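A.B. asks: For the protein sequence lines, the chains are G and Z, in the order given.
If you're matching positions, the first sequence starts at 1 in the numbering used here and goes up one per residue.
If you're matching positions, the second sequence starts at 1 in the numbering used here and goes up one per residue.
Bear in mind the hints are in silico, worked out from the structure with no lab data behind them.
Just so it is clear, the structure is predicted and the values come from calculations on it, not from any experiment.
Be a bit skeptical, because a hint or two may be false.
[As the list claims (entries may be wrong)] According to the in silico footprint, chain G covers these stretches of chain Z (three or more CB under 8 Å from chain G): (1) 9-22; (2) 39-45.
[Said to hold, decoys possible] Quick list of simulated restraints, FRET-style, between CB atoms: (3) Z:T91 / G:T48: 16 to 26 Å; (4) G:E53 / Z:I135: 43 to 53 Å; (5) G:E29 / Z:Y165: 45 to 55 Å; (6) Z:I169 / G:G26: 40 to 50 Å; (7) Z:S2 / G:E53: 53 to 63 Å; (8) G:S49 / Z:K32: 37 to 47 Å; (9) G:E4 / Z:R162: 35 to 45 Å; (10) Z:E172 / G:S49: 44 to 54 Å; (11) Z:I169 / G:T9: 50 to 60 Å; (12) Z:Q168 / G:E4: 43 to 53 Å; (13) G:T48 / Z:G175: 43 to 53 Å.
[Said to hold, decoys possible] Incomplete in silico selection of chain Z near chain G, CB under 10 Å: (14) N68; (15) E97; (16) S208.
The beta carbon of each residue, even a glycine, is placed where N, CA and C say it ideally should be.
Each chain is listed here by its residues.
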Amino acid sequence: MKIELNGETVELAEGASVAEAVHVAGAAERGVAVAVDGEVVPRGEWDTSALREGQHVEVLQAVAGG
Amino acid sequence: MSLELAGRTWESRLILGTGGFRSLESMEQSLKASGTEIATVALRRVDPAAQGSVLEVIERLGLFLLPNTAGCYTARDAVRTARMAREAFATDWVKLEVIGDDRTLFPDAVELLRAAEELIGEGFVVLPYTNDDPILARRLEQIGCAAVMPLGSPIGSGAGIRNAYNIQILVEQAGVPVILDAGIGSASDAALAMELGCDGVLLASSVSRAKDPVAMATAMRKAVEAGFEARRAGRIPRRLYAEASTPGD
Chain G
1 MKIELNGETV
11 ELAEGASVAE
21 AVHVAGAAER
31 GVAVAVDGEV
41 VPRGEWDTSA
51 LREGQHVEVL
61 QAVAGG
Chain Z
1 MSLELAGRTW
11 ESRLILGTGG
21 FRSLESMEQS
31 LKASGTEIAT
41 VALRRVDPAA
51 QGSVLEVIER
61 LGLFLLPNTA
71 GCYTARDAVR
81 TARMAREAFA
91 TDWVKLEVIG
101 DDRTLFPDAV
111 ELLRAAEELI
121 GEGFVVLPYT
131 NDDPILARRL
141 EQIGCAAVMP
151 LGSPIGSGAG
161 IRNAYNIQIL
171 VEQAGVPVIL
181 DAGIGSASDA
191 ALAMELGCDG
201 VLLASSVSRA
211 KDPVAMATAM
221 RKAVEAGFEA
231 RRAGRIPRRL
241 YAEASTPGD
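Turn these sequences into a full structure, and let the hints steer you where they fit.
C.D. replies: The following block contains the structure:
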């Protein structure tokens with residue numbers, strides 16, 4: 001299935017979890033947050049939350065700023 | 001004397017932003033030299049190619065991490081970013097920025113107030129970057145913001161405090177800490193902010209983009225301390241004519 005991950009279309013296995021998307025995005029271990037279609041997914045639910053075709057996943061982490 | 005901010009006590013009245021440094025090493029040395037206890041960070045899409053981590057620097061120095069909502073133009077975006085920050089860093093604190101346009105980076109008052117209200121309702125400790133508008137500051141305080149953070153002049157402009165009178169009025173009426181946020185160019189600006197009665201100063205570019213960031217961070221630490229002491233000491237009034245300091249016969 002295809003999802004949009006940080007603005008790029010990527011191919012993931014059917015029913016892939018949020019945790020897998022985080023891994024594909026190349027995120028660090030800590031200081032990371034994920035939103036699926038604009039809703040924050042708590043870290044405790046990454047492994048159990050399955051993604052669906054066409055969903056927009058944002059994986060964010062800390063950068064220097066302001 | 002320490003700063004009381006949202007139920008916590010801080011020894012330093014200087015808050016440093018981490019943006020604009022030429023390297024993580026320069027950032028780390030400058031944070032250390034500034035004596036700050038609080039450092040701001042932003043949230044952006046993961047860049048797997050990024051070298052090093054601002055988070056590690058902040059943790060190594062034992063600083064309190066204050067996430068911001070830089071780059072948000074609507075209340076909706078800012079609220080979402082704050083929620084993401086809460087999840088990423090396990091903190092309820094947020095420096096709330098809702099920008100009106102990218103030329104001035106001035107806050108959008110309407111969206112700012114809306115976002116602040118929503119986040120306070122969700123239990124956030126909201127520190128809003130706001131205009132130098134005493135009425136807006138009052139509204140932000142009334143809805144429960146833990147501090148108000150008026151700009152001195154546009155972010156990164158280094159133009160100092162363009163409307164000292166408004167800052168003075170804002171300070172006089174505020175019941176929460178006032179932190180001058182944005183526009184500081186050099187140490188004298190930071191000292192002036194404190195002399196006007198601000199409780200603290202938040203700055204980034206003036207240090208990170210200085211020729212020698214570590215030296216400027218040191219200067220800012222001293223300026224904030226000096227300005228605070230001068231305010232407490234009580235300055236003499238400005239007069240048009242002389243008043244002899246040596247007694248006559």
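A.B. asks: Honestly, which of those hints from before does the structure not fit?
C.D. replies: Violated hints: none at all, because every hint is consistent with the structure.
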